[in-house]
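Enquirer: Listed below, chain by chain, are the residues.
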Amino acid sequence: MDTNQYLEMFLEESKEHLQACNEQLLELEKNPDDLAIVNEIFRAAHTLKGMSATMGYEDIANLTHKMENVLDAIRNSKIRVTSEILDVVFESSDALEEMVIDIEEGGSGKKDVEKLVTMLNQIEAGNSPLAVVEEKAGKSESEEITGGLVYDDFEQTVVSQSVEQGFNAFELKVILRDDCLLKAARVFMVFEILEKAGEIIKTFPTVEQLENEEFDNQFTVVIITKEDAEELKAKVQKVSEIEQVEIRQVQFHTATVEVATTIEAPVAGPVTQPAKQTAKKEPTPTKRSSSAHSANKTIRVNIDRLDVLMNLFEELVIDRGRLQSIATELQNAELNETTERMTRISGDLQNIILNMRMVPVETVFNRFPKMVRQLARDLDKKINLEIIGAETELDRTVIDEIGDPLVHLIRNALDHGVESPADRIAAGKPEEGTVTLRAYHSGNHVFIELEDDGAGVNRARVLKKAIERGIVTEEIAETLTDKQVAELILSSGFSTAEKLTDVSGRGVGLDVVKSTIESLGGHISIESKEGQGSLFQVQLPLTLSIISVMLVQMQKEIFAVPLSSIIETAIIQNSDILNAHNQRVIDFRGKIVPLVDLREIFDTGLPEEPEELKSVVIVRKGESLAALVVDSFIGQQEIVLKSLGNYLQSVFALSGATILGNGQVALIVDCNALIK
Amino acid sequence: MTTATENNVMKTIVFRLLDKEYAIEVDVVQSIEKLLLMTITRIPGVPSYVKGVINLRGMVTPIVDLRNRFDLPEMEYNDNTRIIIVNLENFDVGLIVDDANDVIDIPVNALESQPEVVGSVESEFVAGVAKIEKRLLVMLNLDNVLRPIRNVNADEN
Chain A
0 MDTNQYLEMF
10 LEESKEHLQA
20 CNEQLLELEK
30 NPDDLAIVNE
40 IFRAAHTLKG
50 MSATMGYEDI
60 ANLTHKMENV
70 LDAIRNSKIR
80 VTSEILDVVF
90 ESSDALEEMV
100 IDIEEGGSGK
110 KDVEKLVTML
120 NQIEAGNSPL
130 AVVEEKAGKS
140 ESEEITGGLV
150 YDDFEQTVVS
160 QSVEQGFNAF
170 ELKVILRDDC
180 LLKAARVFMV
190 FEILEKAGEI
200 IKTFPTVEQL
210 ENEEFDNQFT
220 VVIITKEDAE
230 ELKAKVQKVS
240 EIEQVEIRQV
250 QFHTATVEVA
260 TTIEAPVAGP
270 VTQPAKQTAK
280 KEPTPTKRSS
290 SAHSANKTIR
300 VNIDRLDVLM
310 NLFEELVIDR
320 GRLQSIATEL
330 QNAELNETTE
340 RMTRISGDLQ
350 NIILNMRMVP
360 VETVFNRFPK
370 MVRQLARDLD
380 KKINLEIIGA
390 ETELDRTVID
400 EIGDPLVHLI
410 RNALDHGVES
420 PADRIAAGKP
430 EEGTVTLRAY
440 HSGNHVFIEL
450 EDDGAGVNRA
460 RVLKKAIERG
470 IVTEEIAETL
480 TDKQVAELIL
490 SSGFSTAEKL
500 TDVSGRGVGL
510 DVVKSTIESL
520 GGHISIESKE
530 GQGSLFQVQL
540 PLTLSIISVM
550 LVQMQKEIFA
560 VPLSSIIETA
570 IIQNSDILNA
580 HNQRVIDFRG
590 KIVPLVDLRE
600 IFDTGLPEEP
610 EELKSVVIVR
620 KGESLAALVV
630 DSFIGQQEIV
640 LKSLGNYLQS
650 VFALSGATIL
660 GNGQVALIVD
670 CNALIK
Chain B
0 MTTATENNVM
10 KTIVFRLLDK
20 EYAIEVDVVQ
30 SIEKLLLMTI
40 TRIPGVPSYV
50 KGVINLRGMV
60 TPIVDLRNRF
70 DLPEMEYNDN
80 TRIIIVNLEN
90 FDVGLIVDDA
100 NDVIDIPVNA
110 LESQPEVVGS
120 VESEFVAGVA
130 KIEKRLLVML
140 NLDNVLRPIR
150 NVNADEN
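Here the protein sequences come in this chain order: A and B.
In this text, residue positions in the first sequence follow numbering that gives the first Met the number 0: the first is 0, and each later residue adds one.
In this text, residue positions in the second sequence follow numbering that gives the first Met the number 0: the first is 0, and each later residue adds one.
Derived list of chain B stretches under chain A, where covered just means 3 residues or more per stretch with a C-beta under 8 angstroms from a C-beta of chain A: (1) 40-49; (2) 55-62; (3) 84-92; (4) 141-148.
Now the stretches of chain A that chain B is said to cover, found in silico as 3 or more residues with beta-carbon under 8 angstroms: (5) 306-313; (6) 601-611; (7) 638-651.
Simulated from the structure, these hints should not be mistaken for laboratory data.
Given the structure is predicted, the values throughout are model-derived calculations rather than measurements.
Positions of the beta carbon are idealized from the N, C-alpha and C atoms, including for glycine.
Could you put together the complete structure from these sequences and hints?
Expert: Now the structure itself:
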């Protein structure tokens with residue numbers, strides 16, 4: 000089967016299901032008794048298994064299958080949730096994620112999952128030897144076709160509880176015709192009917208065996224429903240190729256139930272709860288279908304298509320500009336009116352199109368809880384991660400870039416920020432550290448903050464290190480404010496960890512984070528109180544596809560300088576220019592700033608008459624400044640950023656291009672390349 | 000031979016540079032534009048045959064002057080000068096040519112490898128030549144003509 004066309008969908012959905020798995024697993028860890036969560040995970044794993052088997056990714060299918068078995072056992076209270084079990088399940092979901100990513104990158108999605116499979120098998124088998132025995136017993140009995148199934152305590156409780164609440168429990172024996180070709184399909188059809196009527200609590204043989212057609216020509220299903228026996232029987236019999244349906248009410252001898260409950264008294268507490276839930280779920284199928292309906296109101300659109308839409312729209316904007324100038328020339332009132340309306344409508348359209356490209360930061364944040372859990376374990380710390388404002392929206396392009404820097408910051412906060420439990424108790428803090436990840440909008444920016452209640456930045460230690468590394472001199476060090484000191488940890492060549500851990504001490508410091516954020520047109524700052532914790536604040540532009548620039552003219556050419564790197568513009572006199580070695584510099588507010596003549600760099604030619612005054616744009620890259628000489632300033636404008644394409648790869652000092660109102664292309668200056 | 004032509008012909012766009020005629024497969028051609036209607040924005044620091052970029056219906060598209068690329072003498076652009084927009088696998092590029100006004104079917108078996116001397120065009124750019132009636136058409140190997148411009152920087156300055 001050619002599955003390529005489904006691959007993209009498969010990948011998207013797999014990721015969603017894995018994400019759901021992870022989130023629910025974390026939930027489960029907090030409430031190990033809540034079997035509804037297990038059900039959620041089970042559902043996600045089950046869908047994933049089905050999809051991967053269809054797509055031919057056997058390792059994924061195999062692993063999810065085993066995971067499902069364990070979850071099933073938990074669901075049926077055969078094994079209890081312990082952190083060891085969760086660890087293995089987490090590990091499995093990690094492995095699944097790796098495989099999915101491998102497939103996405105064009106790999107085969109193969110991975111050695113033997114070890115995990117064995118571990119899962121052990122959990123499943125090791126903790127529930129009873130189940131195995133029971134299954135055998137059931138088998139021998141049904142071989143004699145007595146029709147009676149063996150129920151474990153849990154199932155008995157479920158049945159008796161639902162009977163109490165006015166439900167009926169039936170045992171349906173379905174016998175397929177001998178010449179039935181698609182046994183699994185018939186089973187599926189029967190299940191579909193039954194699931195509509197009520198809740199299936201048990202099948203013999205097991206669902207997996209039924210799916211794999213590992214049964215003769217009959218199977219038994221136990222269902223809890225409000226419908227009556229005849230109705231149910233008639234419905235099932237409508238499925239073709241079914242020979243016979245036998246239905247009988249499930250009843251236990253009260254004595255056995257009583258014995259079971261008294262023996263299992265300590266277990267009964269948690270068990271009754273899920274039983275109620277199973278029963279409760281049943282009468283609300285209409286509600287569920289309505290919620291499914293609302294979920295269908297969103298559709299997936301390829302980001303490329305939105306880009307095409309955006310391009311077409313920009314063309315419209317350019318033509319709108321032309322129309323406007325024609326209208327002003329002609330002085331025709333009606334034409335003017337129409338163009339004005341068009342301007343308003345296209346403005347609204349622009350907002351809508353830009354909004355469509357916005358994605359909630361959740362897509363980045365949602366992998367952090369699991370990462371924090373794992374890290375906290377590795378580091379032997381107790382950490383609670385709080386996420387606030389995950390629904391805050393950011394442009395897709397920013398979202399794609401912001402993940403790695405945030406991972407770095409979180410690792411840093413966990414490793415260097417939050418102290419070990421012992422230290423925390425000694426400092427009079429709660430044993431568990433709190434790390435808060437917060438996102439919110441403010442003006443044209445999005446802020447992402449990471450706050451921890453850890454040790455904060457140790458001024459003396461940071462300064463000592465900074466002086467050792469030659470980042471600051473001792474004289475300057477004394478004059479620095481606490482904030483400035485804290486921000487020293489962002490400078491390159493700095494790493495305060497006294498011993499290197501594999502968590503955050505990989506030799507790559509926070510300076511990488513800083514430069515990534517700055518390359519996105521953002522800004523990072525730190526506030527820290529020693530002993531009370533630190534706050535890392537990242538400020539990001541809402542979108543990267545539309546940026547504010549200063550348009551400058553050099554001879555006949557127009558270039559755009561991003562406002563995010565401009566400090567200010569100035570007009571200087573020739574006499575202000577000094578020669579330092581072979582470099583021309585100016586004195587700008589007490590700082591020596593090198594002068595770069597953009598007209599020479601970009602080869603635009605110089606004005607014919609020597610200038611008395613020079614227009615300069617002061618730009619920065621991190622802490623370093625440069626003064627770019629241009630002919631004149633045109634003004635500030637919002638522009639749509641466009642790449643130069645794959646033919647022109649890495650052109651010096653240009654980061655892209657944009658289309659101006661008159662339809663011409665203007666190039667965007669990459670100030671980072673001009674400053675060494 | 001005439002019976003099997005349908006599957007064995009290659010539809011090509013024929014264009015002129017100086018006095019020679021060149022052909023490229025019609026499949027890669029997106030459109031043909033009049034150069035004089037376009038404004039080319041120069042890009043500093045790239046090889047001289049890259050004339051700059053144009054705004055092609057909202058897409059920023061680089062433009063390559065084929066005369067310059069093939070080291071032929073340059074000439075003033077006039078009313079006949081065309082930009083042929085070609086879509087290659089990873090990018091779109093516009094080619095400046097003297098004239099483009101013909102679509103010709105070239106039988107595949109009429110295509111010969113390049114004879115020793117065909118002109119000043121370097122052989123790596125040529126995929127083959129075809130003689131159709133009295134015209135000699137040079138098929139171009141666009142992948143070689145349009146190799147991505149990498150690591151251009153102003154260090155030489």
